[in-house]
Amino acid sequence: MSPERSPQIDLPLKITLTPQGVEWFVRNRRKLSQLRMADSRLEYGITVSGFPASALQQMINIDYITAIELARTEFSSKRREIIDLTKLIGFRLLYRKFENESYRRFLNSRLIKRWNRSNPTRVLDQDTVFNQATLESFLAAVAADIPAVSRLLQQPAMARVQADASLGPEERRLRSFLIDAFVLSMHKIIWYVLVRSRGQPENGELVREFQQLLGEYVEKALIAEYLALMVIEVTSHTELSHYRQVAARLYDNPKAAGAVASNQRLRAAVQRQMEEEGDLLFLTYQLGGKGASIGTEHRLRITVANQEREYARVREQLEQKLEPGAREKSLADFYRQAP
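Sequential numbering from 4 applies to the sequence shown in this note's numbering.
Any given hint might turn out to be false.
What the hints assert, rightly or not - Mimicking DMTMM-like on lysine to aspartate or glutamate, the simulated pairs with C-alpha atoms at most 20 Å apart in a straight line are: (1) 191 with 279; (2) 191 with 102; (3) 100 with 222; (4) 116 with 222.
What the hints assert, rightly or not - Computed Cβ-Cβ distance ranges for the label pairs, DEER-style: (5) 128 with 219: 19 to 29 Å; (6) 121 with 27: 11 to 21 Å; (7) 128 with 162: 32 to 42 Å; (8) 150 with 129: 24 to 34 Å; (9) 155 with 32: 43 to 53 Å; (10) 29 with 61: 10 to 20 Å; (11) 11 with 223: 23 to 33 Å; (12) 26 with 214: 52 to 62 Å; (13) 29 with 108: 36 to 46 Å.
Note that these hints are calculated values from the structure, not bench results. For every residue, glycine included, the Cβ atom is placed at its ideal position computed from N, Cα and C.
Using the sequences and the hints, build the whole thing.
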């Protein structure tokens with residue numbers, strides 16, 4: 004299973020946009036709406052019902068999205084889709100963090116410091132803007148050598164994956180996919196420099212640093228898997244808790260609240276009541292983009308709420324809401340248990 008399990012995100016979503024995103028939509032005469040979000044904010048964005056995963060990834064990559072929100076009377080029937088969406092967002096943000104960290108280490112490497120001392124009028128630093136046409140011509144000149152450099156960067160991480168007896172075939176395939184995806188996320192100028200500097204001592208140092216960083220991020224990528232699991236736990240908890248409240252109010256009977264988890268007729272009646280009242284549950288992903296305040300750049304915040312805005316912050320409360328034994332469950336277990 005690849006991190007982006009489905010090519011289509013089959014969910015009704017509100018997607019709010021950064022100023023850059025709004026500017027692109029206006030410039031290209033795409034329709035925008037003012038969207039009322041779960042916390043009552045009004046934001047410019049789009050509503051979609053079914054959206055290509057690749058398009059969502061690209062919009063996150065170029066910093067066009069501030070938030071993604073799902074509003075429904077229940078989450079259970081969309082468990083698979085919520086897992087896929089959570090993993091997609093989690094992996095994509097990790098790729099961006101790897102891209103930024105690898106570029107930072109590249110700029111701070113002895114190789115680039117030596118270049119900057121020798122070329123004071125052509126210094127490479129965080130503010131350097133590359134002409135894309137020139138950069139593409141550089142890459143074209145070294146294209147034949149890039150696969151060999153890529154294999155060199157990936158070799159230690161791939162070897163660890165193949166040697167890990169605890170991994171099954173599917174997990175090995177996932178780890179291999181992640182290794183390749185992280186490497187492909189690196190800045191283009193890095194590839195050019197790594198090819199052109201082969202044989203120099205500083206090149207070996209930089210390659211080893213990238214290999215170490217790659218190994219660290221492959222381990223970090225497991226966070227996206229468990230984040231998806233925890234989101235399912237919290238949405239299930241929030242849904243059941245709210246259904247019990249509605250059942251108790253609807254039937255004025257405490258026993259009805261206790262039976263809503265196992266009585267499908269009662270559950271359906273509660274859901275109809277919520278639909279009539281417009282009583283929705285919300286799952287919101289807030290993305291801290293490149294322009295976010297210091298300390299929140301590329302940070303992901305997930306909230307689950309009901310209509311009364313009773314938020315459960317994932318970062319603070321997910322751990323305590325996990326049921327006993329949930330840490331031992333795999334995502335495959337949740338896929339099998341899904342309706």
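Determine which of the earlier numbered hints do not hold for this structure and return their numbers in increasing order.
-> 1, 4, 6 and 12
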